[in-house]
Amino acid sequence: MISVPVPLGEVLAIAAEFERGGRLEEAARLIAHARGVAPEQPDLLHLAGIVAFRQKRPEEALALLEGAIAGSPDNALFHRNICEVYRLAGRLGDALAAGQRAVSLAPGDALALQNLAIIQYEHLDIAGSVASARRALALDPASPGAHFELAEALLLRGEMAEGWEEYEWRYRIAGAPQLMPPSDKPQWDGAAMGDGTVLLIADQGFGDVIQFARYIPWARERCSRVAIACSVEVAPLLRQIAPGVPIFQAWRECPAFAAYCPLSGLPRLHGTRVESIPAPVPYLRARPERVAAWRARLDALVPAGFRRIGVVWAGRPTHNNDRNRSTTLARFAPLARLASTALISLQKGEAAEQAGRFFGRAPLINLGAEIVDYDDTMAILDVLDLLVTVDTSVGHLAGAMGRPACVLLPHAPDWRWLLGRADSPWYPSLRLLRQDDRRDFGPLIAGLAAELA
Amino acid sequence: MSQDACACGSGLRAARCCAIDRASIPRAETTQHLIPVVERALAAHRAGDTATAERLCLDVLELAPDRPGALSVLYEIRRAQGNLRAAEALLRRVVALDPNNFSATNELVLALLAKGDLAEGEVHARNAVRIAPENPQAHNLMGMIMTEAQRPAVGEYHYRRTLELAGHRDAILLANLAWCLKNQGRMAESRALYEESVAAAPEIRQTLLGWARMEEADRNFDAAMAILDRLAVVAPEDPNVDLTRAIVLGRMRRYDAAVALLDSLASRFEGGRLGPNELLEKGRLLDQMGRHDEAFTAFLEGKTLARDLSGNAYLDEQAAVMVARLRGFFTAERLRTLPRAGVRTDVPQPVFILGFPRSGTTLVEQTLSAHSRIAAGDELPLIHDITGIMPRMLASPMPYPEALAELWMGDRREGLDDLRDWYLQKVRHMGVLRPGADFFTDKMPLNETHLGLIALLFPGAPLIHVIRHPLDIMVSAMSNHFTHGLYCASALETAARHYVRVMELVGHYRSQMALRYLPLRYEDMVEDQEATVRAALDFVGVEFEPQCLRFHENRRYARTASYAQVSERLYDRSKFRHLKYLRHLAPVIPVLRPLIEQLGYEVPAA
Chain A
1 MISVPVPLGE VLAIAAEFER GGRLEEAARL IAHARGVAPE QPDLLHLAGI VAFRQKRPEE
61 ALALLEGAIA GSPDNALFHR NICEVYRLAG RLGDALAAGQ RAVSLAPGDA LALQNLAIIQ
121 YEHLDIAGSV ASARRALALD PASPGAHFEL AEALLLRGEM AEGWEEYEWR YRIAGAPQLM
181 PPSDKPQWDG AAMGDGTVLL IADQGFGDVI QFARYIPWAR ERCSRVAIAC SVEVAPLLRQ
241 IAPGVPIFQA WRECPAFAAY CPLSGLPRLH GTRVESIPAP VPYLRARPER VAAWRARLDA
301 LVPAGFRRIG VVWAGRPTHN NDRNRSTTLA RFAPLARLAS TALISLQKGE AAEQAGRFFG
361 RAPLINLGAE IVDYDDTMAI LDVLDLLVTV DTSVGHLAGA MGRPACVLLP HAPDWRWLLG
421 RADSPWYPSL RLLRQDDRRD FGPLIAGLAA ELA
Chain B
454 MSQDACACGS GLRAARCCAI DRASIPRAET TQHLIPVVER ALAAHRAGDT ATAERLCLDV
514 LELAPDRPGA LSVLYEIRRA QGNLRAAEAL LRRVVALDPN NFSATNELVL ALLAKGDLAE
574 GEVHARNAVR IAPENPQAHN LMGMIMTEAQ RPAVGEYHYR RTLELAGHRD AILLANLAWC
634 LKNQGRMAES RALYEESVAA APEIRQTLLG WARMEEADRN FDAAMAILDR LAVVAPEDPN
694 VDLTRAIVLG RMRRYDAAVA LLDSLASRFE GGRLGPNELL EKGRLLDQMG RHDEAFTAFL
754 EGKTLARDLS GNAYLDEQAA VMVARLRGFF TAERLRTLPR AGVRTDVPQP VFILGFPRSG
814 TTLVEQTLSA HSRIAAGDEL PLIHDITGIM PRMLASPMPY PEALAELWMG DRREGLDDLR
874 DWYLQKVRHM GVLRPGADFF TDKMPLNETH LGLIALLFPG APLIHVIRHP LDIMVSAMSN
934 HFTHGLYCAS ALETAARHYV RVMELVGHYR SQMALRYLPL RYEDMVEDQE ATVRAALDFV
994 GVEFEPQCLR FHENRRYART ASYAQVSERL YDRSKFRHLK YLRHLAPVIP VLRPLIEQLG
1054 YEVPAA
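Just so you know, the protein sequences line up as chains A and B, in that order.
FYI, the numbering for the first sequence is 1 to 453, going by our numbering.
FYI, the numbering for the second sequence is 454 to 1059, going by our numbering.
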C-alpha cells in the first residue's frame, strides 16, 4: 500500500465513518494502514477493536481494546465500549469493573450508565441496575435502551405497575424489529371497543406468544371484533385459545382495523400484578389424535416401564440472552445415569445435532428430528413424565398445558421468572431451577437427578 | 517385463490382462492358428516344463487374450508359484469367458473362499449349483461358503445334500459337515462326525486340524493336543499343526511354550518368516506376556504381509462415497416422508448389537443370549444383503439407498414390510430361532453403517451400540484379521479412518431420526457387570436373569475371533490396553481425538 501523508485524525475520522456505515472491510483496511504508522495509538486501537468486534472476532477485539486502555487509561469511551464486549464474551467481572470505571470517568454519559445497568442486571444487582438506569434516564429521558433496561429490572423484582409502562419502550430501541408496517391507527388502550376491530399481534419470541396468549380471551371480552396476526408456527396454538378469531400470517391479508396491540402489551392493559397474574391453566391442550400417534411411537421406542424425561438444552441462537440461557446436551449427563429412564429430546434447530454425539448411559430418543409443529410438541409433552428444559418456548408450552416441567434458569433470568422463587405464578406446573453465582447448569441438573434417583 | 506389465503379476501386459479393452480382442476365428501353440503349452505344463509352458501362454495371450486354454494353463502356473493375485485374475477371466465352466467356477470359489471374499464366493458357488445341480461338489462349495459366511444352517443343508448325491459317507464331506455343526455350537454331533471321518480316513490333515480346533473351541484342550500329536505324525511339516498347538497352548496360558513353538515354525515358511496368521497369533501371545513392543511389531508385520499376499487394502474411495450417499439420503426432512415397516408380533424380534469389529459385540451377544428369551443370531449378513436386493424388491432403477425413493410410489408403500419379512424369513431358514425365545440377536459388526435402514425396517427394535475406547479398538483391530469395513483393518491408519467415518455416520443418523438406541460401554461391562447387564436387558424389555452374568458358561460357540475371550470369565485385561501401545498408536491419536473426547474417554498424553 502506498503511504499517503494524511493526518492521523482525518484517517481516524474516515475509518470511524466507514465503521458507522457498516463498511467494516474498508474501515479495517484504513485502520491497518494507519497502524503501520502509529501501531500503539489508542484511538486507532479502540476503533480497530470495535471493527474486530463487529466482524465477530471478539478475542482480537478485546486485545485491541485492552491495548487502547493501556495507552489511555482514563478514556471513558474505551471503558464503556469494552464493558459490552467483555459482557458478550462472558467475562462478567471484567465487564462490571469496566462499566463502573466508565461511569466514574464520565458520570454524565447516559450510555455508560445504561451499559452499567445491563451488566448489573447480569450480576443480579437489581437495585444497582435500577439506580443506574434511572440515572441514565435523568440525563437522557428519551433513551429507549435505558427505559427498557429499567423495565426488565423492575419486572424481575415484580414491580409491574411501573415495569409495564417502561416495557412499552421496547419497540423504540435502535435496531429492534418493527412490530408492524407503518400504520396511522392507534395502539389499543384497553377500553371497550364497539364495532372496530382490534388487531392483536403475536410479537416477540414463541415463548412470549404462548405466555401472553392467555390475555386474548380478556381482550375479546372488551372488543367485539378481534383479529390476530402471527407467524405460521404459532397459528395452531392461537386458534385453540381464540376459536373463531380470524388469524393471518401475512400483513397483506390483514383486515382493516381500528386499533392494534402486541400480545406483550396486554398485561399492561390488563393491569397485571404478581398477585393477579391470570393463570387459567391449562389453556393449551394437545390434539387427541396426535397424542395417540406419539404415544404409539414412544411405546415402540422406549422400553416399557421406563420413565420418560423430555429434554431441551438450547433456545433460538439469535435470542439476545442465548449465551446465558442455553447449554449443551452433555450437561444433562446426570439425568442419563438414572436407571430405567429414557431421555426424550424435543430439541430443534442446530443444537439438535448434539443428539448424535451424546453417549450418556440412558437411551436418548431424538424426537426433535420428527417434530413438525407445536401440535407435535404438545402431544409429546402429554405423554412425558417430566420435561427438563432451559428457558425456551417448550417450557412455556408445558406451563400452558399444565404439564410437569423443570425450567433451568441462568443466574440472571429473564424478567418473567421473577426473583428467587422456585415456582412461577404464570405457570403453576413449572418448577424453576436457578443457577447460583457459579452460573453453571451442572449442579442444578445433578441435584435434580439425585432427587429423581 | 515391459513398463505396462499388469499390476496383478500375471506376466501379461495390463492391456492384455486386467485393463483389457474388450473391443481390442480379435475374433476367435482369427486366432484359430494359435490352438496348436496352446496345446503345446498344455503338454509342456503336463510334462513339468513350466518355463516353456509359461512362455507359450504369454505369447498366445498377447495375440489372443481370450484363449481360455492358455489362460487356464497360466492360471495353474501362477497358482503353483503362490502368486494368488495373478491366479485369481486369470481365473476370473476364464469364468467370464465361459460361465458354464464348472471346473473353473469350482476353482474360483475355492480361491475366493481362501481369500475370505465370501460375498463374491457365494455368487459363484450359487452359479456352480445352477450349472450342475446334481453335482456333489457344487453343493459342497455352497456348504463351505455358507458355513464360513455365518449361515451354517444353510451350509448344513448343502453338505447333507452333497452326502446324498455322493451316495456314500465320504470322509472329507463328513469332516466338512462336522465343522459346520461346530459352527452351530453342536459340539457333540460334530465330534461324532469327526470320529466317523477319522475312522474312515485317519490321516487327512484338514480333518484332524478341524477336529483339534473343535476340541479347542469346546475347551477340551487335552483332547485337542492329543489330536495335534496324531496330526504331527501324519504331517510333520505342516505349519498349521504347530500354529494350532500354539493357539491351544495360549488358551492354556502356556505363553512361553506357545511363542517358542511359533518361532521354531518360522524356518518352515518361505523367506524364513511366519505367515500372517502366525504373526498375529505370536503378537497376541507376546501381548499376554507383557512384551508389548514386540507384540505390536508382530501385528504390523502380520498385517503388512496379509495385505501384500491378498492385495486387500482399504477401499477408501468406496467408503467415502458410500458414507456420503447415506448421509445425503437419510435426512430428517426425507425421513418424514418415508413410511416405516409395521412391527410383526407373531415372530421373534431382532435385537441389533452394533459396533466396530473388536469393540465387544461378541461379549454383549454372549451375555444377552444367555437369557432364556433371547436367541443368538451371531453375525447375520442380512442387512447387507437387503441393501443388495432392495432395487429388485422395490423395482427401482437406482441402487440403495436411493432405491428407497420407490416407497413414495402408491404401489410400493409396503415395500419395507416385504424387506422386513425377507429378513425374518431368512432368519428362520438360518436356524437362528429357538423355542421360548421372543428375541434374537444380530451382531453383524458395522451394521451401524445402515442404522437408518434398520430403523425403517424395525422401528421398535432395540439397537445396542457397543462403545469402547477407540484406541483399544485399534489395538484389537491390529491384533486380529477381519475383512469387515472394506478391509479397513489391513492397516492402522485405515482402521482409524473407517472408525471415524462410521461413528460420524452414526452421529448423523442419530441427529436425523428417532432411534431406540442404547450406547453400551464395554468398560462398564467390565467395571459394573451386573448393573450394565440389567440396563441392557431392561432396554430390550426382558427380566433380569442371573445366568446372563455367567455368559462364559454359555456353551454356545461364538463363531467370531472373540470366541476365546468370551469363554473366559469377564476380565479387565483388555480395558485400556492401548496405554501399553501409545507409541505405536501415535499416528492415529490426532485422527481419533475428537471421538475419544466425544465418547467421554481420556485422550492419553503424548
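Keep in mind that the hints were calculated from the coordinates and are not lab data.
Where is the CB? At the ideal position from N, CA and C, for every residue including glycine.
Mixed in with the good hints there might be a few duds.
To give an idea of the chain A side of the interface with chain B (calculated C-beta under 8 angstroms), a few residues [unchecked claim]: (1) L139; (2) R222; (3) A300; (4) V372.
If you anchor each label on the Cβ, the simulated ranges turn out as follows [as the list claims (entries may be wrong)]: (5) B:E980 to A:D437: 55 to 63 angstroms; (6) A:D299 to B:L1035: 44 to 52 angstroms; (7) A:Y171 to B:G1053: 43 to 51 angstroms; (8) B:T784 to A:G305: 51 to 59 angstroms; (9) A:G305 to B:A606: 30 to 38 angstroms.
Outcome of the hint check:
{"no.": "1", "hint": "L139", "result": "violated (50 angstroms)"}
{"no.": "2", "hint": "R222", "result": "violated (42 angstroms)"}
{"no.": "3", "hint": "A300", "result": "holds (4 angstroms)"}
{"no.": "4", "hint": "V372", "result": "holds (7 angstroms)"}
{"no.": "5", "hint": "B:E980 to A:D437: 55 to 63 angstroms", "result": "violated (36 angstroms)"}
{"no.": "6", "hint": "A:D299 to B:L1035: 44 to 52 angstroms", "result": "holds (47 angstroms)"}
{"no.": "7", "hint": "A:Y171 to B:G1053: 43 to 51 angstroms", "result": "holds (46 angstroms)"}
{"no.": "8", "hint": "B:T784 to A:G305: 51 to 59 angstroms", "result": "violated (33 angstroms)"}
{"no.": "9", "hint": "A:G305 to B:A606: 30 to 38 angstroms", "result": "holds (35 angstroms)"}
Violated hints, listed in ascending order, are 1, 2, 5 and 8; each of the other numbered hints is respected by the structure.
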